[in-house]
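Enquirer: This is what each chain is made of:
4 protein chains.
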Amino acid sequence: ELGGFTEEIDNVKSEYVHSFEFDSKLMPYTWIVVRLDGCHFHRFSEIHEFVKPNDERALNLMSSCAMAVLEEFRQDIVFAYGVSDEYSFILKRTTDLYQRRASKIISAIVSFFTSTYVIRWKDYFSNRMLKYPPSFDGRAVCYPSTEILRDYLSWRQVDCHINNQYNTCFWKLVASGKSKREAQQSLKGAQLQAKIEELAIDYNKLPIMFRQGSSVFWDRVDNVLIHPENGKSSECYGKVIVEHIDIIGSAFWLEHPGILDEKQ
Amino acid sequence: ELGGFTEEIDNVKSEYVHSFEFDSKLMPYTWIVVRLDGCHFHRFSEIHEFVKPNDERALNLMSSCAMAVLEEFRQDIVFAYGVSDEYSFILKRTTDLYQRRASKIISAIVSFFTSTYVIRWKDYFSNRMLKYPPSFDGRAVCYPSTEILRDYLSWRQVDCHINNQYNTCFWKLVASGKSKREAQQSLKGAQLQAKIEELAIDYNKLPIMFRQGSSVFWDRVDNVLIHPENGKSSECYGKVIVEHIDIIGSAFWLEHPGILDEKQ
Amino acid sequence: ELGGFTEEIDNVKSEYVHSFEFDSKLMPYTWIVVRLDGCHFHRFSEIHEFVKPNDERALNLMSSCAMAVLEEFRQDIVFAYGVSDEYSFILKRTTDLYQRRASKIISAIVSFFTSTYVIRWKDYFSNRMLKYPPSFDGRAVCYPSTEILRDYLSWRQVDCHINNQYNTCFWKLVASGKSKREAQQSLKGAQLQAKIEELAIDYNKLPIMFRQGSSVFWDRVDNVLIHPENGKSSECYGKVIVEHIDIIGSAFWLEHPGILDEKQ
Amino acid sequence: ELGGFTEEIDNVKSEYVHSFEFDSKLMPYTWIVVRLDGCHFHRFSEIHEFVKPNDERALNLMSSCAMAVLEEFRQDIVFAYGVSDEYSFILKRTTDLYQRRASKIISAIVSFFTSTYVIRWKDYFSNRMLKYPPSFDGRAVCYPSTEILRDYLSWRQVDCHINNQYNTCFWKLVASGKSKREAQQSLKGAQLQAKIEELAIDYNKLPIMFRQGSSVFWDRVDNVLIHPENGKSSECYGKVIVEHIDIIGSAFWLEHPGILDEKQ
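Listed in order, the protein sequences are those of chains A, B, C and D.
Taking the working numbering, the leading residue of the first sequence gets 1, the next gets one more, and so forth.
Taking the working numbering, the leading residue of the second sequence gets 1, the next gets one more, and so forth.
Taking the working numbering, the leading residue of the third sequence gets 1, the next gets one more, and so forth.
Taking the working numbering, the leading residue of the fourth sequence gets 1, the next gets one more, and so forth.
Honestly, the hints are just simulated from the structure, not real lab data.
The beta carbon of each residue, even a glycine, is placed where N, CA and C say it ideally should be.
Incorrect hints may have been included.
Calculated lysine-lysine pairs in the DSS-like style (CA-CA distance at most 27 Å, straight line) [to be verified]: (1) C:Lys104 with D:Lys25; (2) B:Lys122 with B:Lys92; (3) D:Lys25 with A:Lys25; (4) C:Lys92 with D:Lys188; (5) B:Lys263 with C:Lys239; (6) D:Lys92 with C:Lys13; (7) D:Lys104 with C:Lys25; (8) D:Lys239 with D:Lys263; (9) B:Lys25 with C:Lys104; (10) A:Lys104 with B:Lys131; (11) A:Lys25 with C:Lys104; (12) B:Lys104 with D:Lys25; (13) B:Lys25 with A:Lys92; (14) C:Lys13 with A:Lys92; (15) D:Lys13 with B:Lys92; (16) A:Lys263 with D:Lys131; (17) B:Lys122 with A:Lys131; (18) A:Lys92 with D:Lys25; (19) C:Lys25 with B:Lys92; (20) D:Lys104 with C:Lys92; (21) B:Lys131 with A:Lys122; (22) A:Lys13 with B:Lys195; (23) D:Lys188 with C:Lys13; (24) D:Lys188 with C:Lys25; (25) D:Lys195 with C:Lys13; (26) B:Lys25 with C:Lys180; (27) D:Lys104 with C:Lys239; (28) B:Lys92 with A:Lys104.
Rough simulated footprint, nothing fancy, chain C against chain D, three-plus residues with beta-carbon under 8 Å [unchecked claim]: (29) 19–29; (30) 102–110; (31) 122–135; (32) 148–154.
For each label pair, taking beta carbons as the anchor points, the in silico distance ranges come out as [said to hold, decoys possible]: (33) A:Glu262 with D:Tyr132: 14 to 22 Å; (34) D:Gln75 with C:Lys180: 44 to 52 Å; (35) A:Asp261 with D:Asn204: 41 to 49 Å; (36) B:Glu71 with A:Asn127: 22 to 30 Å.
Build out the structure end to end from the sequences listed, making use of the hints.
Expert: This is the structure in structure tokens:
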């Protein structure tokens, strides 16, 4: 009797059990967006004493992880956009990562991001230990055209803008002595732009990262290095960079035609 | 011009963009299994010099993370079974975690597991640094009856058994001087039980964790403590434990009727 | 140049085109319910002058089609319940019809039902021509346990009961000279049982088909005929019958244990 | 006790039962193709003595039904292509028919087609009664770009061409005295074009409907009639026509830019 098992071991029918598995696949030739969000980061940011309304260290840690994701999935992910505790990753139309199985794509990206977040935490919060394991959840959405994908990215950047306006006002009110409830009440239904002027916030002087979020992409190099000996090219990807720029208008995309190139 | 945006900001139509989102939900009143697996752990285990065929530290780290998952998702996860670099989590039939949205359930569990894995790494590999971020992928499967769920768990434990027999033989052959290729060749299509005897492996003396995998569950306490003052019960969950036992036969389940209780 | 085609014929890549096909499969070992409904039957019933609130010919035609469906899909469909212009078909848990592909199952059943409806129309409406093609739409739902499947059937029969009470009152009011709008107004939020008494409707004298809908199933024969020569059994299915009975209580199901037998 | 029900009627919980329903929706802004196929039409065509390899009456009946479908779903279906016992219907990118619910779209189209098929049967087979109810099954596929949609249509027309070449050879061989098995054997792996010449078939003289299938679409009228009194336009749809033309090359699509107009 090997292993100490019951005799029923031969009756176990794996094929039958397998038949319950299903793999929902993401439609071919559509842009895949994987968006991850911090789980309960409201609490996480309080316990780890993030600066409000924006903590530069926390934002830079997020972007650092996003950069690692682009390097890890360099064949498949062409762009990422992040704000607050969320990050969206754009997989190219033609990707066949995990045969486009939704669960594997989402979980592998979220897991790698999380792992990097914990490892690099001390690089950004050198004087503060992680008090419990941070985690993120994720989802995937497909877009059938580049135009709609750009609408998605614009939507996220508009959201960044509006949330930042709101949060800047909110914390200014709290700093001025109001309770959180009073601050909330005072902003309910308010015209944010008017409120910013009223509170004498010099909005355009705020760091651009707070106002426009972070865009992560490959800075492609033109001069591909060719190994003199074996003729192989190296460094053809260039390096991953993060910029804080307007991705709603066309200018950025015209300057970087390779990012959303449909034929890549 | 606030924030430095193009004027197009008002044209961004979030509702339209939202319409592409879909949330595949897992069928109500079915058992949900979330199984995670290490990504490229063959390489990870080599680079971090795991003992072959089984590294106790690595297995205990995995189980430690699984225990943390049960504590974190105590309302929803009732059992976990792990072997090698995989772990299966059983959510109770009646769970409404994230409204049973597959992506969120999978990603949140995998992310929390990953986060814990990195944080606790040094507790199990005190003398070895993580050389790069480990990651896991996950998937969900639903089972419509408790009987089939038990078939699933039996299948995993049989798999543990067969893989362990194979790996034990393989590494014994390698230890005896054969190359990996020769060892593989020698085991191709072989009757593993006969091979074990031939190689003079005292299989039943191997640690039971290697032979039967790890089962993680709540050790429910019978004597619920009642606060004398407010009448509230505390500690009603008991504590999470890990055992290495036969989960194919009925004995374990009869002794722990609460775990797969359909009405919970 | 064969066929008169452009030369591009060789460039057509069927494999790529195929990759967009997806077959959502219904979870194994769950009860499948296919429910069909008449499309725009409000208009259809007016144009074909159905008697209100219930047209016996129309109901019998529906049941006749359902019986034909049970005969056609005798390996897979074990029960059907119908009311008004809808019919629900129950496929047995273990069915592998079309490998449980949702689209094929739904469309094939709905199409066969429709075809039979048109063909048999004249048997029930001998003096009235079909003025345009009637059509039905369909959907599938899976239930993981027999208990929940019975809840589904109970829900449909309760719906039959409530709708019939309402419609009986409504048309009585119209018959008494009220306009449809007035009748509707008078029933808005009304206690139907009280209304029935108020309108002096002898509800329990109404044909039981109107009050309880139609249940269609195989009347299994006990004495299977054995061919004396080849030993093969014939007529083992018995014949399909329609009954108007209570399917909410247990009595019917206890008398016909074979219908929802999980092991069949 | 109204209706003769058990008292359990109040315990029926419809909300819970509802929660098992799921509506898989077809991705917005993709082209939807609904393709239907005859169920067991090999047998159906034999029993109803269809002329081989092509029965003009049967093909014209199919196209007649497709035309009726385009008229019925005039807001949503812009093109159809048929061959043998199959027909593909193209719904425009922007359609919101049944909120893009797959089951309803497929079943409603297949049901209407079936209904029309039975009703119009006698117009094409005046001397032959329907011996049993014909039925069709259906499926839906989405295509994210017009280019891929055209690849789909090209694939169907290539299939038509190849099948027709094969069937023409097959039935010529049978007509020449071979058994069906011998004919099949003789064509196995054969170069069809060479075989056609060998059998002295004047392929290009065959009716173009057999060689190129049937395309059904709206012949849009340019001069929209304006009612002199109320200013409303009528007949803006023109009429549905069927043509037998090359849809692989660009010529047809350039001549009819409105059919696959993305903005419609």
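Enquirer: Indicate, hint by hint, whether the structure satisfies it.
Expert: For each hint, the structure was consulted:
1. This hinted pair checks out: Lys104 of chain C and Lys25 of chain D have alpha carbons roughly 16 Å apart, not beyond 27 Å.
2. Distance hint between Lys122 of chain B and Lys92 of chain B is unfulfilled; the C-alpha atoms sit about 32 Å from each other, more than 27 Å.
3. The hinted pair formed by Lys25 of chain D and Lys25 of chain A meets the criterion: a straight-line CA distance of about 14 Å does not exceed 27 Å.
4. At roughly 40 Å between alpha-carbon atoms, Lys92 of chain C and Lys188 of chain D are farther apart than 27 Å, so this suggested pair is violated.
5. Between Lys263 of chain B and Lys239 of chain C the alpha-carbon distance is near 39 Å, which puts this suggested pair outside the 27 Å criterion.
6. Annotation: proposed proximity of Lys92 of chain D to Lys13 of chain C holds, straight-line Cα distance about 23 Å (limit 27 Å).
7. With a CA separation close to 16 Å, the supplied pair Lys104 of chain D and Lys25 of chain C stays within the 27 Å bound.
8. Annotation: proposed proximity of Lys239 of chain D to Lys263 of chain D holds, straight-line Cα distance about 21 Å (limit 27 Å).
9. Restraint check: the Cα-Cα separation between Lys25 of chain B and Lys104 of chain C comes to about 22 Å, which is no more than 27 Å; the hinted pair holds.
10. Distance restraint check for Lys104 of chain A and Lys131 of chain B: the Cα-Cα separation of roughly 23 Å lies within the 27 Å cut-off, and the hinted pair is therefore satisfied.
11. Proposed proximity of Lys25 of chain A and Lys104 of chain C is supported: the alpha carbons are some 19 Å apart, at most 27 Å.
12. With a CA separation close to 20 Å, the supplied pair Lys104 of chain B and Lys25 of chain D stays within the 27 Å bound.
13. Pair hint Lys25 of chain B plus Lys92 of chain A holds up; C-alpha atoms about 26 Å apart against a cutoff of 27 Å.
14. Between the alpha carbons of Lys13 of chain C and Lys92 of chain A the distance comes to roughly 21 Å, so the proposed pair stays at or under 27 Å and holds.
15. The suggested pairing of Lys13 of chain D with Lys92 of chain B holds, with an alpha-carbon distance near 21 Å, which does not exceed 27 Å.
16. Simply put, Lys263 of chain A and Lys131 of chain D have alpha-carbon atoms about 54 Å apart, too far for the 27 Å limit, and the pair is violated.
17. Under the criterion of a C-alpha separation no larger than 27 Å, the hint pairing Lys122 of chain B with Lys131 of chain A is consistent with the structure, at around 16 Å.
18. Between Lys92 of chain A and Lys25 of chain D the CA atoms are separated by roughly 23 Å; this keeps the pair inside 27 Å, and the hint holds.
19. As the CA atoms of Lys25 of chain C and Lys92 of chain B are separated by approximately 23 Å, the hinted pair is consistent with the 27 Å bound.
20. Our distance criterion of 27 Å between C-alpha atoms is met by Lys104 of chain D and Lys92 of chain C, whose separation comes to about 22 Å.
21. Distance hint between Lys131 of chain B and Lys122 of chain A is fulfilled; the C-alpha atoms sit about 16 Å from each other, no more than 27 Å.
22. For a cut-off of 27 Å, the pair hint linking Lys13 of chain A to Lys195 of chain B stands: about 24 Å separates their Cα positions.
23. Restraint check for Lys188 of chain D and Lys13 of chain C: satisfied, since their Cα atoms lie roughly 22 Å apart, inside the 27 Å limit.
24. Simply put, Lys188 of chain D and Lys25 of chain C have alpha-carbon atoms about 34 Å apart, too far for the 27 Å limit, and the pair is violated.
25. For the hint linking Lys195 of chain D to Lys13 of chain C, the alpha-carbon distance of about 24 Å falls within 27 Å, and the restraint holds.
26. Restraint check for Lys25 of chain B and Lys180 of chain C: the C-alpha separation of about 42 Å exceeds 27 Å, so the hint is violated.
27. Between Lys104 of chain D and Lys239 of chain C the alpha-carbon distance is near 31 Å, which puts this suggested pair outside the 27 Å criterion.
28. For the hint linking Lys92 of chain B to Lys104 of chain A, the alpha-carbon distance of about 23 Å falls within 27 Å, and the restraint holds.
29. Counting residues of the segment 19–29 of chain D whose C-beta lies closer than 8 Å to any C-beta of chain C gives 5; at least three are required, and the coverage claim holds.
30. By the rule of at least three residues with a Cβ nearer than 8 Å to a Cβ of chain C, the coverage given for the segment 102–110 of chain D holds, with 7 such residues.
31. Counting residues of the segment 122–135 of chain D whose CB lies closer than 8 Å to any CB of chain C gives 4, so the stated coverage by that chain holds, three being the minimum.
32. Coverage of the segment 148–154 of chain D by chain C holds in this model, with 4 residues showing a Cβ closer than 8 Å to a Cβ of that chain against a need of three.
33. Distance hint for Glu262 of chain A and Tyr132 of chain D: a CB-CB separation of about 50 Å, inconsistent with the stated range 14 to 22 Å.
34. Checking the proposed 44 to 52 Å range against Gln75 of chain D and Lys180 of chain C shows it is violated: the Cβ atoms sit about 28 Å from each other.
35. The beta-carbon spacing between Asp261 of chain A and Asn204 of chain D, approximately 43 Å, falls within the hinted interval of 41 to 49 Å.
36. The supplied range of 22 to 30 Å is met by Glu71 of chain B and Asn127 of chain A, whose beta-carbon atoms lie about 28 Å from each other.
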